[in-house]
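Peer 1: Protein chains in written order, with our numbering: chain X, 1 to 112; chain U, 1001 to 1113.
In case anyone wonders, no lab produced these hints; they're calculated from the structure. Glycine included, each C-beta is placed from N, C-alpha and C at the ideal position. Check each hint, because a few of them may be wrong.
To be verified - Which chain X residues face chain U? A few, computed with CB under 8 Å, are given here:
no.	residue
1	Ser-28
2	Leu-34
3	Tyr-39
4	Pro-40
5	Phe-46
6	Ser-49
7	Glu-58
8	Gly-60
9	Phe-62
10	Phe-65
11	Gln-99
12	Phe-102
Spelled out from the first residue to the last, the chains are:
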Amino acid sequence: DQQVKQNSPSLSVQEGRISILNCDYTNSMFDYFLWYKKYPAEGPTFLISISSIKDKNEDGRFTVFLNKSAKHLSLHIVPSQPGDSAVYFCAASAETGNQFYFGTGTSLTVIP
Amino acid sequence: NAGVTQTPKFQVLKTGQSMTLQCAQDMNHEYMSWYRQDPGMGLRLIHYSVGAGITDQGEVPNGYNVSRSTTEDFPLRLLSAAPSQTSVYFCASSSYRDGEKLFFGSGTQLSVL
């Protein structure tokens, strides 16, 4: 059973607007949450993370929000740029460096 | 500045054949792991290692073996390939200090006929 879920397989956004990617998880033991970005024919690259002691983490245009009571996290990209077009995976772990559980990914297309 | 290097990039096997996917990292990372990516399934952990000589099973370990004799290398062995093992395989590494930041290789596309 999928412990990390990304229910939107794809998302299209106009350049300059906000992109919101969502992720839900079921395991209350998860305490690290991450977002990875993947371009075709490449491996995923780390984007941003958040630990369960926080509810928000920012890095430039990227902000991750964590709602522990709802077991939900989201990634906001503002403003969206065409170079952001990629597949975004959320991931979660109960112990950093060991077992990460990934969602199925959301393909983001930013339209110029 | 190689990071995580996986070889080969592409491989076609016949059912029952065995092979080894190679993974090497030059960042002196303690943690290494293997994932497979299948359509609609995301990335699933096969095996992982927290240091040389130490390995453990992930979500989907059946049909695969690993060993970690050095810090740098973490090969994945398919013992008797099956069509269900057709997938894209990613190797990843991370440091003990910054374990949530996985560094991935560029992947191996494996087809088992």
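Peer 1: Run every hint past the structure and note whether it holds.
Peer 2: Hints and how they fare:
{"no.": "1", "hint": "Ser-28", "result": "violated (18 Å)"}
{"no.": "2", "hint": "Leu-34", "result": "holds (6 Å)"}
{"no.": "3", "hint": "Tyr-39", "result": "violated (10 Å)"}
{"no.": "4", "hint": "Pro-40", "result": "violated (10 Å)"}
{"no.": "5", "hint": "Phe-46", "result": "holds (5 Å)"}
{"no.": "6", "hint": "Ser-49", "result": "holds (5 Å)"}
{"no.": "7", "hint": "Glu-58", "result": "violated (17 Å)"}
{"no.": "8", "hint": "Gly-60", "result": "violated (16 Å)"}
{"no.": "9", "hint": "Phe-62", "result": "violated (14 Å)"}
{"no.": "10", "hint": "Phe-65", "result": "violated (17 Å)"}
{"no.": "11", "hint": "Gln-99", "result": "holds (6 Å)"}
{"no.": "12", "hint": "Phe-102", "result": "holds (4 Å)"}
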